[in-house]
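Protein sequences appear in the order of chains A and B.
For the first sequence, numbering that gives the first Met the number 0 gives the first residue as 0, with consecutive numbering after it.
For the second sequence, numbering that gives the first Met the number 0 gives the first residue as 0, with consecutive numbering after it.
Hints are not guaranteed to be accurate.
What the hints assert, rightly or not - Derived list of chain B stretches under chain A, where covered just means 3 residues or more per stretch with a C-beta under 8 Å from a C-beta of chain A:
(1) 44-54
(2) 122-134
As the list claims (entries may be wrong) - If the Cβ cut is set under 7 Å, some of the chain B residues that face chain A in the computed set are:
(3) G90
(4) L104
(5) E106
(6) H107
(7) K115
(8) S116
(9) M118
Rather than coming from a laboratory, the hints here were simulated on the basis of the structure.
Even glycine gets a Cβ: it sits at the ideal position worked out from N, Cα and C.
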Amino acid sequence: MLTNIESRDAVTLIQVQEERLDAHNSPELKNQMLKLLEEGNHRMIIDLQDVRFVDSSGLGALVSGFKNASARNGSLKLCGLQPQVQSMFELTRLHRVFDIFSDRHQALSSFQDLSEQT
Amino acid sequence: MSERIFLDISFPYETDYLCLIGKIGEQLAWNLSSFSGDRETLAYHVNLVLTEAVANAIEHAADNRSSPFLHVTIRVENGLLTIRVFDQGPGFSLCDVQESCDDTLEEHGRGIFIIKSLMDRVSYIKLDDGHVLEMEKNLY
């Protein structure tokens, strides 16, 4: 699983640098997210701009990250979904669960807006 | 004369092959000369249902299976796409699969739901040495 992980303004940004997120590589992403959360990174953005294909295991890994972040009073947001990937979230109704942004800048801004409100 | 294609593929029970089998299905969809619908969506859906069905067969494969290879056939005939994924696991019931994904934060259980949503007919049939998940889609 190729990922690029960086920290910006107390938000951890994970860019998945794979064409596919499926049953073969999604367990690795799930473990990476959990490790980062356990290290105290509770505000997370998953950038899927390079991902052209996602299956139910990939969706399940993201749901796992979402639940683990929420359980720590954190937040996991998504950005950069390609149209066919977006359609999978809509088919499974997960677009109503996740905060989804068009790109990382908008996703980062949403965390900053939240900080200003609190 | 209508287009006829038959692919018969066997490969190890390993998730390393998910990408390959999915892309074979995707490329087949792109190559259907007589299909006039949304080819990009069809290609994505064929890739996806193959990936889901094969991943399911690998996950539920029995340890004492008689063959080291997972067997998949893809047939196009008379405007009908038929994908069969054979497994040697203990099997499952299609009826147990959730009919919708509303308000669920389960990490598993969406694969068969996705297949049933994207294909026109799905059946799971008991065989002498396992099961076959049969998925059909009308192309015209």
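Hint by hint, here is what the structure shows:
1. For the segment 44-54 of chain B, the proposed coverage by chain A is satisfied: 5 residues have a C-beta within less than 8 Å of a C-beta in that chain, meeting the threshold of three.
2. Beta-carbon proximity to chain A at under 8 Å applies to 0 residues in the segment 122-134 of chain B; the threshold of 3 is not reached and the given coverage is violated.
3. For G90/B, the suggested interface contact is broken, since its CB lies about 19 Å from the closest CB of chain A, more than 7 Å.
4. Against a cut-off of 7 Å between C-beta atoms, the interface hint on L104/B holds, since the closest Cβ of chain A lies about 6 Å away.
5. Hint status for E106/B: holds, given a least beta-carbon distance of 4 Å to chain A, under 7 Å.
6. Of the supplied interface hints, the one on H107/B holds, with its beta-carbon coming within about 6 Å of a beta-carbon of chain A, less than 7 Å.
7. Against a cut-off of 7 Å between C-beta atoms, the interface hint on K115/B is violated, since the closest Cβ of chain A lies about 11 Å away.
8. Among the interface hints, the one on S116/B holds; its C-beta lies about 6 Å from the nearest C-beta in chain A, closer than the 7 Å criterion.
9. Checking M118/B against chain A: minimum C-beta separation of about 13 Å lies over 7 Å; hint violated.
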